[in-house]
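From first to last, the protein sequence lines are chains A and B. Per my numbering, the first sequence starts with residue 1, numbered consecutively. Per my numbering, the second sequence starts with residue 1, numbered consecutively.
It is possible that part of the hints are untrue.
Simulated crosslink set (EDC-like; lysine to aspartate or glutamate; CA at most 16 Å straight-line) [unchecked claim]: (1) K202/A with D164/A; (2) K194/A with D168/A; (3) K122/A with E309/A; (4) K164/B with E112/B; (5) K113/A with D316/A; (6) K122/A with D315/A; (7) K78/A with D165/B; (8) K113/A with E113/B; (9) K202/A with D305/A; (10) K85/B with E349/A; (11) K164/B with E77/A; (12) K113/A with D165/B; (13) K202/A with D168/A; (14) K122/A with D291/A; (15) K113/A with D8/B; (16) K122/A with E349/A; (17) K164/B with E122/B; (18) K209/A with D315/A.
Note that these hints are calculated values from the structure, not bench results.
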Amino acid sequence: MAVTERPRIYEGSRIPSPIPSMLVLPEELRGSDEILQVNFGPNHPSTHGVLRLVVDLSGERVVGLRAVIGYLHTGFEKNMEQKTWWKAITYAPRVDYVSFQNNELVFVLAVEKLLGIEVPPKATWMRTLLAELNRIHSHLVFLGTAALELGAISMFWYCFRERDQILDLFEMVTGSRMHTRYYQVGGLAEDIPKGFDPEARKFCEWMPKAIDEYETILSRNEIWLERTQGIGLLSADDAIALGQSGPVVRASGIDWDLRRDEGYLSYPEVDFDVPVYPNGDVYDRYKVRIDEMRQSTRIVEQCLDAMPEGPWIADDRKVVLPPRHELHTSMESLIHHFKIVTEGFRVPEGEVYVTVESPRGELGCYLVSDGGPRPWRVKFRAPSFVALEATATCMSDALIADFIAIVGSLDTVMGEVDR
Amino acid sequence: MERREAYDETTLVVDPARLLEACRFLRDEEGFDLLSDITAVDYLGWGEKGVAGYFGTAAGRDLNAPGEQGASVHSQGFGRSPEPKPARFAINYHLLAVVPGAPRVRVQIWVEESRPVPSVIEIWPTADWHEREQFDLMGITFEGHPHLRRIIMEDDWEGHPLRKDYPLGGEPVRFSGDE
């Protein structure tokens, strides 16, 4: 297979050897008075959760780095093995609490793949729409906190203003602001409320102006440029070797987006651009996310235009709950309702691996079913977990002051790292 | 080596001894340059009655299905008799080629408990944490990994939580009649 030419950000590879995720203090510096070991975290505002990094400093230069994770481990995968497929959906959004809709989506898509159930077009379009709103939401949280950490406090308030509008939209559709659990196997839990369309359009009209505002504050801000440009370099080849995906590889000059290249949901039918930047630094990762927010707004608009009429969930009584009103008149429906809620539906034996482009990159879900009502094994391929592995490569020879910018730019969510 | 197609996905079942050879071939010749994920699956009790790994220990009871467990007692008539598996643990390597169309392949190896597996860290550096995670939660030993330590659980944790014989909750209770 022909190897595509990728931009060179630096010569060779900077992945530490032999341990790719760790900067080991050189032998001659061990025990030296020059070296100061700093324990960063686990509870520090800029760790976006609970991350501990043990940093060896020589003056201001980082010479050793070790990440300690696991503080937020809650055993989602183990717990989901005990729940019926139907109940396990509730766990999925909590894995990554910033991009909950995408996590829910990947799990539901995987179960549907095993079941071979067909989803009505309205549900597919609505899932696309919500996944994109959620992407904007996630990037707003990134932008707000990453800028806050570098001293641009007002950015946080601007971003959370729009984030709140998105949460209001989620609340309108699903009844809850976060961890919505709106996707059912086979479609959506409820129909889309009438008032959603005008409110979402209002948001789409406002959002590009808000993004212009963010760019006015940051994109030509001398301090922001100084602190982000040329910092935390990651070359294209290193990014691929380290399994990176999403905005991190797009900022390293790789034109890669699962929404376009794998084409799930309604993405093949909507028109959007994939932003790619060539420098592989913190600034480019910021630019990719800013551009993605604009593209996501475009996709949301197109979804609203294309939203078809019709059912929002498949009509398969062995998997999908019967409509509420039927329970009072139909014995058959009552039995199905009772069976699905108590025993759960059965999923054919097999294994699948489904991926979506979450705001943080390639989010995968590997499922094994033994044909029973509970999953045999659930595994989330968490993009944050993989992104954190690249910290050591991005940090080689960095200054302590750049450290927070670099960790922030990889946009990790610790809930997803530790699962 | 055996090739299987199911659910539009390709699975290559490889002999553990030739895993590295297969992986090198897939990366260099077939262009699968990105290792997406490594997942180990414990098939202890697969297709048996009273499957361990539900609530309680293997010998204990399943609080979600009191009484007799297993397929035959469920009333909808879906007998559950899945295909037997060749060994206790399966380790799946999900590979991706970063080219349009996103071709994927799953490399699968089967091992019994305590049999070490060669580490693919030389081929894909990203395997570092994936292998440590599977070592930590499933107890799979990866030979040639330079830093194979627990990553999610504490260093002094006992047992491997994602194994099917690891209880989900509670302490084993000794009743006065038991000896």
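Hint by hint, here is what the structure shows:
The straight-line distance between the Cα atoms of K202/A and D164/A is roughly 14 Å, inside the 16 Å bound, and the hint therefore holds. Using a Cα cut-off of 16 Å, the hinted pair K194/A and D168/A holds, with the two alpha carbons roughly 15 Å apart. For the hint linking K122/A to E309/A, the alpha-carbon distance of about 7 Å falls within 16 Å, and the restraint holds. For the suggested pair K164/B and E112/B, the alpha carbons sit about 14 Å apart, so the restraint of at most 16 Å is met.
Distance hint between K113/A and D316/A is fulfilled; the C-alpha atoms sit about 15 Å from each other, no more than 16 Å. Distance restraint check for K122/A and D315/A: the Cα-Cα separation of roughly 13 Å lies within the 16 Å cut-off, and the hinted pair is therefore satisfied. With a CA separation close to 12 Å, the supplied pair K78/A and D165/B stays within the 16 Å bound. Restraint check for K113/A and E113/B: the C-alpha separation of about 31 Å exceeds 16 Å, so the hint is violated.
A threshold of 16 Å between alpha carbons decides the hint, and for K202/A with D305/A the separation of about 13 Å falls inside it, so the pair holds. A hinted pair counts as satisfied when its Cα atoms are at most 16 Å apart, and K85/B with E349/A qualifies at roughly 12 Å. Restraint check for K164/B and E77/A: satisfied, since their Cα atoms lie roughly 12 Å apart, inside the 16 Å limit. A hinted pair counts as satisfied when its Cα atoms are at most 16 Å apart, and K113/A with D165/B does not qualify at roughly 29 Å.
Taking the CA atoms of K202/A and D168/A, the gap is near 12 Å; set against the 16 Å cutoff, the hint holds. At most 16 Å may separate the alpha-carbon atoms for a hinted pair to count; K122/A and D291/A exceed this at roughly 27 Å. For the hint pairing K113/A with D8/B, the CA-to-CA distance comes to about 10 Å; that is within 16 Å, so the pair holds. At most 16 Å may separate the alpha-carbon atoms for a hinted pair to count; K122/A and E349/A exceed this at roughly 28 Å.
Between K164/B and E122/B, the direct Cα distance comes to roughly 30 Å. Violation of the 16 Å bound is thereby established for this hinted pair. A threshold of 16 Å between alpha carbons decides the hint, and for K209/A with D315/A the separation of about 41 Å lies outside it, so the pair is violated.
Hint violations for this structure: numbers 8, 12, 14, 16, 17 and 18, all remaining hints satisfied.
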